[in-house]
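For the record, the sequence lines run as chains A and B. Take the first sequence: its letter number 3 is residue 3 in our numbering, and every next letter is one higher. Take the second sequence: its letter number 101 is residue 248 in our numbering, and every next letter is one higher.
Wrong hints could be hidden among the right ones.
[As the list claims (entries may be wrong)] FRET-style restraints, in silico, Cβ to Cβ: (1) F21/A <-> T218/B: 20 to 26 Å; (2) L31/A <-> H315/B: 40 to 46 Å; (3) E134/A <-> K158/B: 56 to 62 Å; (4) K209/B <-> V63/A: 19 to 25 Å; (5) L62/A <-> K209/B: 46 to 52 Å; (6) F21/A <-> D245/B: 29 to 35 Å; (7) D292/B <-> Y20/A: 55 to 61 Å; (8) N206/B <-> N19/A: 37 to 43 Å; (9) V16/A <-> D293/B: 32 to 38 Å; (10) D252/B <-> E35/A: 37 to 43 Å; (11) L4/A <-> N206/B: 25 to 31 Å.
If you're looking for bench data, these hints aren't it; they were derived computationally from the structure. Ideal Cβ positions, reconstructed from N, Cα and C, are used throughout, including at glycine.
The primary structure of each chain is shown beneath.
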Amino acid sequence: MKKLNDIRKNEELYKVPENYFDEFQARMSDLTSEESTVATVPARSTTLARLAYALPAVVLLLVVAYWSYTPGDAAEDLLADISTDELIEFLEQEGISEDELISLVDIPIEELEKELEEYSTSDLLEDFDDSELEEISEEIDLYEEYL
Amino acid sequence: MEESFIIEKIKSEDTRKYGFNLLVKAYQERVYWHIRKMVIDHDDADDVMQEVFVKIWRNLDKFREDSSLFTWIYRIATNECLGFLKKKKRRFFLPIHDVASELSDKLSNSQHVLLDGEAIEVKLQQALLKLPDKQRIVFNMKYYDDMSFNEISEITGTSVGALKASYHHATKKVEKLVLTD
Chain A
1 MKKLNDIRKN EELYKVPENY FDEFQARMSD LTSEESTVAT VPARSTTLAR LAYALPAVVL
61 LLVVAYWSYT PGDAAEDLLA DISTDELIEF LEQEGISEDE LISLVDIPIE ELEKELEEYS
121 TSDLLEDFDD SELEEISEEI DLYEEYL
Chain B
148 MEESFIIEKI KSEDTRKYGF NLLVKAYQER VYWHIRKMVI DHDDADDVMQ EVFVKIWRNL
208 DKFREDSSLF TWIYRIATNE CLGFLKKKKR RFFLPIHDVA SELSDKLSNS QHVLLDGEAI
268 EVKLQQALLK LPDKQRIVFN MKYYDDMSFN EISEITGTSV GALKASYHHA TKKVEKLVLT
328 D
């Protein structure tokens, strides 16, 4: 019987695209350059960038503070100019969580829980039209969640 | 290129990038063939190569010189390779379509290999696909890369005795499959 050593060790048995190794090296060189750039962004510019992102939130806080000290209907008039959709969109972009919003509401937690208990599933379903329910079911992958 | 020269460059933050480029140049071909023999398909080999060298780049500061640079690189490549094959197997639920036969088909396809599908070198690769992945990678390191059992032991974390036994069994099995007729 023949032995394995009788078979030539033809390593380059496989086809490799032309210039693959040169291209791979160039790709790796690009990657290290990108990562070095990201790693060496000066701390000062990141702080400025953070401030720029925080600016809309600061403006909103100032407006809210102004409203809370302004008597009369001025604040309500201002709010009336902003649509509910715009407000929701703004809050979503600012990344304010539901918990944070609830914490701003001046209602005792017991009262909220009581209201929730009184709110039946059919009440909940009435609040949504068919297209909204379909949208929600698409967002929740039942298979992933429960199976 | 001397390994010690590359290590000297990657140790210093100022020359790390240069050192890494030297490392890629020095080891990419050996690592590629190590991976390609395991995953067979070039695109898969390229994906694993990228993972391996990105991991090397991000962990250069963790290289402690308690093993050679080459052993450290091979260890990362071996782990990535075995992890890739494990993931690939998890994707196939039906036994009718197992990974080994998919890879075996690729070996008989001229799109992937230079030699005729009937060539003994191709038959050897197909027989190797019948071995468990870890036994196959050990066989490749010993048979194709002429590595010592001590080196393979450092890379795989398996004892020299167990590796010798594994290689012996693999050789007998492969000889039986390829050379009996």
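Structure-based check of all given hints:
no., hint, in the structure
1, F21/A <-> T218/B: 20 to 26 Å, "holds, 22 Å"
2, L31/A <-> H315/B: 40 to 46 Å, "holds, 41 Å"
3, E134/A <-> K158/B: 56 to 62 Å, "holds, 59 Å"
4, K209/B <-> V63/A: 19 to 25 Å, "violated, 50 Å"
5, L62/A <-> K209/B: 46 to 52 Å, "holds, 48 Å"
6, F21/A <-> D245/B: 29 to 35 Å, "holds, 32 Å"
7, D292/B <-> Y20/A: 55 to 61 Å, "violated, 20 Å"
8, N206/B <-> N19/A: 37 to 43 Å, "violated, 28 Å"
9, V16/A <-> D293/B: 32 to 38 Å, "violated, 21 Å"
10, D252/B <-> E35/A: 37 to 43 Å, "holds, 38 Å"
11, L4/A <-> N206/B: 25 to 31 Å, "violated, 36 Å"
Checked against the numbered hints listed earlier, the structure breaks hints 4, 7, 8, 9 and 11; every other hint is satisfied.
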